[in-house]
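Visitor: These are the residues of each chain, in order.
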Amino acid sequence: MSQIDENQILDRLKRLSQVEPAKEAADHAMQRVRDTLMREKAIPRLRLSLRDALRRRLPHIVAKLAAAAVLMIGAGFLAGRLSAPEPVNVQELQAALESSLKSSLIPAIRQELLSEMEDRWQSTLAVSNAKVKDELARQVRRDLMEFAAQTLAASGTRTDQRLNELIQLIEAARIQDRRRMASAFDYIESRFGNGLVTLAARTDELLGTERAGSVPDTSEN
Amino acid sequence: MRSRQKELLELLDKSGADLYALLTRLTLREEVAEELMQELFIKLNNSRGAGNVANWNAYARRSAINLAFDWRRSHTRTILALGQVSEPVSTEDSPLRKLIHSEELQETLDAVGQLKKSSREVLVMRYLQQESYDNIAEQLGKTSHQVRALCSRAIRNLRDVLGSNDHQSSKKEIHNVTNR
Chain V
1 MSQIDENQIL DRLKRLSQVE PAKEAADHAM QRVRDTLMRE KAIPRLRLSL
51 RDALRRRLPH IVAKLAAAAV LMIGAGFLAG RLSAPEPVNV QELQAALESS
101 LKSSLIPAIR QELLSEMEDR WQSTLAVSNA KVKDELARQV RRDLMEFAAQ
151 TLAASGTRTD QRLNELIQLI EAARIQDRRR MASAFDYIES RFGNGLVTLA
201 ARTDELLGTE RAGSVPDTSE N
Chain G
1 MRSRQKELLE LLDKSGADLY ALLTRLTLRE EVAEELMQEL FIKLNNSRGA
51 GNVANWNAYA RRSAINLAFD WRRSHTRTIL ALGQVSEPVS TEDSPLRKLI
101 HSEELQETLD AVGQLKKSSR EVLVMRYLQQ ESYDNIAEQL GKTSHQVRAL
151 CSRAIRNLRD VLGSNDHQSS KKEIHNVTNR
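These protein sequences, in sequence, are chains V and G. To convert, note that position 26 of the first sequence is 26 in the working numbering; the numbers rise steadily by one, no gaps. To convert, note that position 45 of the second sequence is 45 in the working numbering; the numbers rise steadily by one, no gaps.
Keep in mind that the hints were calculated from the coordinates and are not lab data. These numbers come from a predicted model, not from an experiment. Take these hints with a grain of salt, some might be off.
Claimed, not checked - Below, a list of computed lysine to aspartate or glutamate pairs in the EDC-like style, where the Cα atoms sit at most 20 Å apart: (1) K14/G <-> D27/V; (2) K14/G <-> E20/V; (3) K131/V <-> E112/V; (4) K14/V <-> D110/G.
Working from the sequences, and respecting the hints, build out all of it.
Guide: See the structure below:
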């Protein structure tokens, strides 16, 4: 397992033992330690002298502090008593407070109330205005629809009536024509009588003769 | 308290340079050694258990060793696996050679830090401070035979620790290669 032999280890340890710090660095480190130790030395001495001084003078200091405290408390009490205000009449104070509050509060409350009311009215009016507009538009639309329907119905009726009148006029004209024709035929019959029949028979004979003359005789050929 | 400070000032005058050198050898950094030197003397000054110390020099030396290895433990560093550094072609004092030497020393010190406290102290006193067995025995309150045995065992343990570190680093290297 081990790849390092003892000689190598001893060689490394020897090299380590040959490591030497610079003399300046060593001096600096020692001086720093010395300074630290001297400071540490001074601090406890100071602490000691303070402790001794306190121990010796503590009773005097406590007595002086107590006397000073008593004096200060007494002076404060006297000053407080002397500078205290006279007792106050509660009713007068209440009345004064009430009037003062009234005078200061009522205009403010009124103003506040007015502005509040105004705001509410404005909002209500705005809402109702919109409602009214909407309702009016709906009403106008409804009326227009109704008027259009009535107009259409009336015009239809009128057209039917006119057509009926026209049909009656045409019928009357036809009847009158028939009557006139019938009367004309009656007049012709009464005026010419059998002459017409004779005329027709002669005409027929004449037409038969002309037809026979114009047709070539094929039997002779 | 005053006598303690007087003793410490005397110790500083007498062994300050040695203690600083020891701390420098164990940390390999002068500025850290200076800080630890400060800390050592402050601790010695404020230590309540040091009231009945007979040999301030030995006590300070052992405290310095402990402080230095505490510092090493709290500043764990990534050790460059020495197997990954190829040997230089020339044997001159090249920067690479210096780096390898420095890494070897760091590795050795870290391995010393992993030893038991008694082994560590003996090893440092004997091999880094080059003290005699008798002197070490006197400081530790043991016989020189016991100190010799301790030194031998410490070197064996150090060899094991260094070997296992080397083994672990080579295993890591193999693992990295297979992962690539």
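Visitor: Now look at each hint and say whether the structure bears it out.
Guide: Against the structure, the hints come out as follows:
For the hint linking K14/G to D27/V, the alpha-carbon distance of about 13 Å falls within 20 Å, and the restraint holds. For the given pair, K14/G sits about 17 Å from E20/V by alpha-carbon distance, which is consistent with the 20 Å threshold. With a C-alpha separation of about 29 Å, the suggested pairing of K131/V with E112/V is violated against the 20 Å cut-off. Distance hint between K14/V and D110/G is fulfilled; the C-alpha atoms sit about 16 Å from each other, no more than 20 Å.
Comparing the model with each numbered hint stated earlier shows that hint 3 is the single one that does not hold.
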